[in-house]
Amino acid sequence: MNTEITDTETPQPKRSAAEWVTFGAASFILAIVVGLVGYVWLNENDKPPILSVSNKQTIREVDGKYYVPFEVTNTGGGTAESVQIMAELKIGEKVTETGDLQIDFLSSGEREEGAFVFTQNPRQGQLIIRVASYKLP
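Be aware that the sequence shown starts at 0, since it is given in numbering that gives the first Met the number 0, and climbs by one per residue.
What the hints contain is simulated information worked out from the structure, not anything from laboratory work.
Just so you know, these numbers come straight off a predicted model, no measurement behind them.
Treat the hints loosely; a few may be bogus.
As the list claims (entries may be wrong) - Taking lysine-lysine pairs in the DSS-like style, the calculated list, with each CA pair at most 25 Å apart, reads:
| no. | residue 1 | residue 2 |
| --- | --- | --- |
| 1 | K89 | K64 |
| 2 | K93 | K64 |
| 3 | K13 | K55 |
Stated by the list, open to error - Listed next, with one range per pair, are the computed distances between beta-carbon atoms:
| no. | residue 1 | residue 2 | range |
| --- | --- | --- | --- |
| 4 | E70 | V20 | 48 to 56 Å |
| 5 | V33 | R122 | 53 to 61 Å |
| 6 | S132 | E112 | 16 to 24 Å |
| 7 | R129 | V61 | 36 to 44 Å |
| 8 | T97 | V61 | 18 to 26 Å |
| 9 | K55 | R14 | 19 to 27 Å |
| 10 | A17 | G113 | 53 to 61 Å |
| 11 | T97 | S51 | 16 to 24 Å |
| 12 | I90 | G113 | 21 to 29 Å |
We treat Cβ as the ideally placed atom computed from N, Cα and C, and that holds for glycine.
Turn these sequences into a full structure, and let the hints steer you where they fit.
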């Protein structure tokens, strides 16, 4: 008794037009996402941090001390470490008080808030708040 087993394969059905359209649309979206990620990765890493500081809120007085809030923003492409913020209060021609603050790191698009505390009223003089330095990671 000789039984022969034949391996008959069923032919794969052809893809319909809807499947090809779906495949094409998914491939197109994937290519756009990969392209945008590559573009951002290549272009943003070359830009250095751009740091700016502003004191948008009002100065408040509590127990004879003056609190000057500020906000520092990194609008550049890279991360900044050890961001040094300095404040100087000049009354007349003399610098009467200074403040110094360090922020550990500030990545691209990030904002940090803080406050300087003075014993003299900053409204009676000239207040300068600036970014003094930073280092690259």
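Right, here's what the structure says about each hint:
no.: 1; hint: K89 - K64; result: holds, 16 Å
no.: 2; hint: K93 - K64; result: holds, 20 Å
no.: 3; hint: K13 - K55; result: violated, 65 Å
no.: 4; hint: E70 - V20: 48 to 56 Å; result: holds, 49 Å
no.: 5; hint: V33 - R122: 53 to 61 Å; result: holds, 54 Å
no.: 6; hint: S132 - E112: 16 to 24 Å; result: holds, 20 Å
no.: 7; hint: R129 - V61: 36 to 44 Å; result: violated, 25 Å
no.: 8; hint: T97 - V61: 18 to 26 Å; result: holds, 20 Å
no.: 9; hint: K55 - R14: 19 to 27 Å; result: violated, 59 Å
no.: 10; hint: A17 - G113: 53 to 61 Å; result: holds, 58 Å
no.: 11; hint: T97 - S51: 16 to 24 Å; result: holds, 20 Å
no.: 12; hint: I90 - G113: 21 to 29 Å; result: holds, 22 Å
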